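Asks: Now for the letters of each chain:
Protein chains: 2
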Amino acid sequence: MIDKLVAKIQKTNAPIVVGLDPMLAYVPDHIKEAAYREHGETLKGAAEAIWEFNRRIVDAVADLIPAVKPQIAMYEQFGIEGLIAFQKTVSYCKSKDLVVIGDVKRGDIGSTSAAYAAGHLGHVEVGGNVYAPFDEDFITVNPYLGTDGIKPFTDICKKENKGLFILVKTSNPSSGEFQDRLVDGRPLYELVADMVNQWGADLTGSCGYSAVGAVVGATYPEIGKVLRKVMPKSYILVPGYGAQGGKGADLAHYFNEDGLGAIVNSSRGIIAAYKQEAYASFGAEHFEEASRQAVLDMIADIDGALKAAK
Amino acid sequence: MIDKLVAKIQKTNAPIVVGLDPMLAYVPDHIKEAAYREHGETLKGAAEAIWEFNRRIVDAVADLIPAVKPQIAMYEQFGIEGLIAFQKTVSYCKSKDLVVIGDVKRGDIGSTSAAYAAGHLGHVEVGGNVYAPFDEDFITVNPYLGTDGIKPFTDICKKENKGLFILVKTSNPSSGEFQDRLVDGRPLYELVADMVNQWGADLTGSCGYSAVGAVVGATYPEIGKVLRKVMPKSYILVPGYGAQGGKGADLAHYFNEDGLGAIVNSSRGIIAAYKQEAYASFGAEHFEEASRQAVLDMIADIDGALKAAK
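So the sequences go chain by chain: A and B. So the first sequence is numbered by full-length UniProt numbering: it starts at 1 and just counts up by one. So the second sequence is numbered by full-length UniProt numbering: it starts at 1 and just counts up by one.
Because the hints were derived from the structure by calculation, they are not lab data. Among the hints, a few may not be true.
Where chains are identical, the list cannot tell them apart; a pair therefore holds if satisfied intra-copy or between any two copies.
[Unchecked claim] In the DSBU-like style, the derived pairs of lysine-lysine whose C-alpha atoms are separated by at most 35 Å in a straight line are:
id : residue 1 : residue 2
1  : 275       : 158
2  : 151       : 225
3  : 159       : 275
4  : 229       : 151
5  : 151       : 275
6  : 233       : 94
7  : 159       : 11
8  : 4         : 159
9  : 159       : 88
10 : 88        : 151
11 : 229       : 88
12 : 247       : 4
13 : 159       : 307
14 : 307       : 233
These numbers were taken from a predicted model, which means no experiment stands behind them.
Extracted from the complex, chain A is given alone in its bound form:
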C-alpha cells in the first residue's frame, strides 16, 4: 500500500492528504436542511449531512489528490449512525481510487490491538465467512504501550498489504509535555522514532519506503528536520498545516532529497474553505468548489516551498 501511496503522490504531484473531519458546524445549511428534512434532527440526520458533505468534497477534489484522512472521532461522536457515515466515506473514497488513512489513533495490549487491526485493516472470521469491517488502507496508531501493542498491527500490514502511521511528535501545543522529555539525553520522540524504524524494518516496499510511517506535526519544523534524518525510510504524515498554524515554508524539511517522504494533511483548511475570507466569494452553495480551489492553492504552496528549498 505504501507503493500505491507513493505512486499516487507522484502521479498527482501532490504530497497532500485531505482530512475529512466534518464538524457539523462546517456543513453548509442547505446540506444540513436536506438531511434533516429526510431524517429529522437526529443522529441519522447528522450522519447523512456529513456523509453528503464528504461525498461532494471528494467528488470535487478526487482527481487532484492521492489520499484522504477521515478522523473517526468526528463520526464516532454521532454514535452508530456516525460510524456508518465513516464506513461509507472510507468505501466511497476507495471506489474513487483514493488511498484512505483512517485517523483512529488506536493502540492497546497485544490481544486488543489484534482486534483493532482486524477491524480496521484486516479481516474477521464468523463461522465459515470472512469480512473486512472498516478496511482502511492505513491507520494511525498510538505507541505508548510499546512493541507488543504495535506488532499485531504490523503483522496485519504484512499479511494484507496495509500501512501505519505511528504517533511520534504530535501537532498540538502540549505535545511536548511527555514527547519532548529527555531520556538519556534524547527526547522521547526520538526513541519512538527509533522504534518506528525497527517496527517497519521488514515492511519496505519497492518504492524504498516502509509501510510503517510516522506522524510528525507541521507545527514543530525544527523537530521535523531531525526526525526526517532519524527515520529515512518512513513516510511522515504531517498534520497541523493551515488552521493549526503550520506553513508551506516550514514543510520542506519533512521531505527527503528525492522529493518524497512526506504527506501533508489539511482538514478545516480544505473542507471548510468556503468559510475563509480567501474563498468566501464561492459562497456556501458552492462549498465544494471552494475546497477544490483550496486544494490547488495548497499544492502550489507546498510545491513552491519545495522548489525554494532546493
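Take the given structure of chain A and dock chain B to it, following the hints.
Replies: Chain B in isolation, oriented as in the chain A frame:
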C-alpha cells in the same frame, strides 16, 4: 460518578470489575449456533452472539459486582454490528445499575478529544435536539498527547459527572519500553501520574477520590506500590489479574489504608471461566454459572489478600 463507583464497591464489598471482552472463541457453541441460525454467519450473527453471551453473564453476576468494563476493540472488530452490540451492552449494564467503564483508550489533539468526549461521555447537538450516543460512565484515555488532549475529557467529566482512567503503567510485557524510561531520574509513568493528580485536582468527589483515575497493571506490583503513593486521591484501575499473570497477593499495594482506591479487572478469567479446569464441571451449557463462581472466587482472593496485608 466516582462517588457512585465507591458506594457500589462498599455495598458489594467487591473492588472488582468484570471485563466484557467477548472474543468469539469464548462464546459457547449453543449461543453462537442460535445467533447464526437467526442471522447467518454474518457480522450481525457474531454481534448477536456476543451480545447474548454478555447479557447472560451480566444477569448471572450483576448482584455481586459494582462495575463492568467492556473493551470496545472486541466489538469494533465486527464493524458497525459489533458497535451496536457494544452500545446495547453499555445500556443494558446501566439498566442493571452497574457502573460502566468503556475501555476505549482514546486520546487526540484538543478538538478531536472533544469529539470523543462528547460521543462517549457527553452529548452532541443536532439542530434543536441533544443525544448521548454511547454514554459510558467512565472511559480509559491515552495520555501521550499531553494536557490539551486530556482537558476536553475532564471538562465533560465536570459537566456530566463522569470519570476517566488515564493509562499510566499498562499491564503488557513491553509497557516499559517507553513508560519506564527515566526522565530527570524518574520513570515516565511517574510524570504521567503527576499529571493525573493535576488533571483531577478539581474533580474530587465527596468520597475523597478524584473522578480522574489511573490504569496501573497488576503485572507490575512494585510499581503499583509506588504509584499508589504518588496518586493518593486517584482510583487505580488494575488490569492484568488472572489470565495475564497478576495474583491477588500482589494487589494489596494498589489499595489505600482505607481499603479503597483500587478496582481490579478480570476479563477472560471471568467470562471464559467455563473453559478453565477449575470450572470445567459447569460445562459450556452453564457458562454463566461458571462466571458467577469465578467472580465469587476472585472476590474471596482479593479480600483474603487485603486482610493478610493488614
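Asks: Hint by hint, say whether it matches the structure.
Replies: Hint-by-hint comparison with the structure:
Taking the shortest alpha-carbon separations for residue 275 and residue 158, only the inter-copy value of 32 Å comes in at or below 35 Å, while the best intra-copy value is 42 Å. Taking the shortest Cα distances, residue 151 and residue 225 sit within 35 Å of each other both inside one copy (27 Å) and across copies (29 Å). For the homomeric pair residue 159 and residue 275, the shortest alpha-carbon distance between copies (30 Å) is at most 35 Å, but the shortest distance inside one copy (43 Å) is not. Proximity of residue 229 and residue 151 under a CA criterion of 35 Å is satisfied in both settings, with 24 Å inside one chain copy and 33 Å between copies.
Taking the shortest alpha-carbon separations for residue 151 and residue 275, only the inter-copy value of 27 Å comes in at or below 35 Å, while the best intra-copy value is 42 Å. Proximity of residue 233 to residue 94 under the C-alpha cut-off of 35 Å is restricted to the intra-copy arrangement: shortest distance 25 Å within a copy versus 48 Å between copies. Only within a single protomer do residue 159 and residue 11 lie at most 35 Å apart by alpha-carbon distance; the minimum there is 26 Å, versus 49 Å between protomers. For the identical chains of this complex, residue 4 and residue 159 are intra-copy neighbours only, at 16 Å inside a copy versus 46 Å across copies, given an alpha-carbon limit of 35 Å.
Proximity of residue 159 and residue 88 under a CA criterion of 35 Å is satisfied in both settings, with 24 Å inside one chain copy and 33 Å between copies. For a Cα distance limit of 35 Å, the shortest separation of residue 88 from residue 151 qualifies both inside one copy, at 28 Å, and across copies, at 31 Å. For the homomeric pair residue 229 and residue 88, neither the shortest alpha-carbon distance inside one copy (38 Å) nor that between copies (48 Å) is at most 35 Å. Proximity of residue 247 to residue 4 under the C-alpha cut-off of 35 Å is restricted to the intra-copy arrangement: shortest distance 27 Å within a copy versus 48 Å between copies.
In this assembly of identical chains, residue 159 and residue 307 lie within 35 Å of each other by CA distance neither inside one copy nor across copies; the values are 38 Å within and 50 Å between. Taking identical chains as interchangeable, the C-alpha atoms of residue 307 and residue 233 lie at most 35 Å apart only when both belong to the same chain, with a minimum of 22 Å there against 55 Å between chains.
Going through the hint list in order, the structure does not satisfy hints 11, 13.
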